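We have chain Y already, so just place chain X on it with the hints.
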Amino acid sequence: MMMIFGKPAPLLFGQLLLGIVNGSFYAMLSLGLAVIFGILNIINFAHGALFMVGAFSAYLLLHWFGIGYWPALVLGPLAVGLFGAAIERVLLRPIRGLDPLYGLLLTFGLAEVLEGVFTNRFGSSGVTYSVPRLLRGTRDLGFMYLPNYHAFVVVAAIVVCLATWLVIEKTRLGAVLRAATENPAIVQALGIDVPRLVTLTFAGGVALAALAGVLAAPMYSVNPGMGSSYISIVFAVVVIGGMGSIGGAVFTGFLLGVVEGFTKVFYPPGAATVAFVVMVLVLLLRPAGLFGRSR
Amino acid sequence: MNTPLLEVEGLQAWYGESHILHGMGFTVAEGEVVTLLGRNGAGKSTTMKSIMGLVPRRQGSIRFRGRETMGLPPDRVARLGIGFCPEERGIFASLSVAENLMLPPVVAPGGLDLAAIHELFPNLAERAQSGGTKLSGGEQQMLAIARILRTGARLLLLDEPTEGLAPVIVQEIGRTIRTIRERGYTVLLVEQNFRFAATVADRHYVVEHGRIVDHIANQELSARMEDLHAYLGV
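Protein sequences appear in the order of chains Y and X. Those letters in the first sequence? Residues 73 to 367, per the working numbering, in order. Those letters in the second sequence? Residues 35 to 268, per the working numbering, in order.
In isolation and in its complexed conformation, chain Y is listed as follows:
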């Protein structure tokens, strides 16, 4: 058997792949979190819970309406995004302009409520959702086995992150968004409906979390706590990447996934904490994050 650094190659590549898959979810979640933080100045603690709601949306679409995976990939994020728009209008708008701490507390409470509601309805062990027929099976790459669905998740995440980056950096909507992140009052005085833009952005960030949730549904057990297990790592990603830096969030998401994967191979007990060790180091050496601008 081929050995790399004294470890069997299939183990190493297998963990590397799992790391990249996890990194895909980190990247998509931290991307939405960074976009929302940029324009609302709110750290959305409910992001993990909305990821969970996204996963459940796939399950519910199937069991209530018989709608399968592929349409759910669009309809789930759309529905959860609309729910996000309602959250912004009803709950976040009234506290706009107050200390960001209020937003943090409010979204924290919202996460608890969402988890509670889903636990009450579905139990904490959750439900299962099967891999769509088209993506079942594995591929033998010679040095490792690659489950087709894992490959799909990674490609989908890269496409989603790239598309979001393109929208933000290359389109007129993106320019308006960047400007409103810098100075919303001036943008509004130039004739742009900033409150509507804020709602749209929040809904968009939430839809990204829900899309990650739908992608995660066939891989993991769909359960009410699935978001909170991700969200602390995702906060570490955002801190390491630099608050509000879009590219930084995506790059750091994949990077941390891979670092976790390797840690699992070389020092398994450290895998769960390595992200936070990196976070502490970055905070000590570069408090603004790897890609953040200090303010």
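To be clear, the hints were calculated from the coordinates, so they are not data collected in a lab. Everything numeric in this text was worked out from a predicted model, so none of it was measured. Incorrect hints may have been included.
[Unchecked claim] Partial pick of chain Y residues on the chain X-facing surface, computed with a CB cut under 8 Å:
#, residue
1, Ser-202
2, Pro-204
3, Ile-258
4, Asp-265
[To be verified] Covered stretches of chain X, going by a simulated chain Y footprint (3 or more residues, C-beta under 8 Å):
#, segment
5, 97-109
6, 119-133
7, 136-146
Note that the Cβ used here is the ideal one computed from N, Cα and C, for glycine as well.
For chain X alone, coordinates are given in the frame of chain Y:
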């Protein structure tokens, strides 16, 4: 006489607990260039921001083409056809020069097209792909004016466009204001520098402690020099 383009009446404004405007009142007719002269802290910029709807706590009346604008959010005020060039210029660092220029939506027909803007401000064409705040102060000021000429807004609010700029650049901005005036725009200008104001404006209102204390036509300016020195403390 026709309805003035802009009528401000009994305007009061507060920032938190501090009462900044105490009953401002003035008018601007179509095609005029009118200045608000006054010292730092007299309430000139607050007046501009109040017109745009950027000061949440205010009272009185602000009418544009006879239509009350109090209570409208800033984006709706802008869409009535008022272009705002703020004191701090409001150029965005994360946007290129071209993106900054194209940021405000077109609100009415009749704005300058890109070719006309580049003819008026050749530097902006050359540096279209640079970051907005990589421009010099004077170029940023030109960009802030250029972007509201594009939108079809007919009333331009320019808040101290000459502040902190070298004399050569100030002259250039003066030429720009005279050019846009010839093209039929109406301008409300905030200034501390009355020598500059005299080269571009038709009339001047003197602002002190949040109200208008005097009104001077540009022809009378030289005769009223002593009063002006007293008002502005120069």
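Practice problem: Check, residue by residue, whether the segment 136-146 of chain X contains three or more positions whose beta-carbon lies closer than 8 Å to a beta-carbon of chain Y, and give the verdict. | Solution: Answer holds; 5 residues pass the 8 Å Cβ test.
Quiz item: Given Y:Ser-202 as an interface hint, is the shortest Cβ-Cβ distance to chain X below 8 Å?
Solution: 44 Å, violated
Quiz prompt | Coverage of the segment 97-109 of chain X by chain Y (three or more Cβ within 8 Å) | solution = holds (count 3)
Quiz item: Checking C-beta pairs, does the segment 119-133 of chain X have three or more residues closer than 8 Å to chain Y?
Solution: holds (count 7)
Quiz prompt | Satisfaction of the Y:Asp-265 interface hint, Cβ to chain X closer than 8 Å | solution = 5 Å, holds
Self-check item: Residue hint Y:Pro-204, partner chain X, criterion CB-CB below 8 Å
Solution: 39 Å, violated
Quiz prompt | Closest C-beta approach of Y:Ile-258 to chain X relative to 8 Å, hint status | solution = 4 Å, holds
Comparing the model with each earlier hint shows violations of hints 1 and 2; every other hint is respected.
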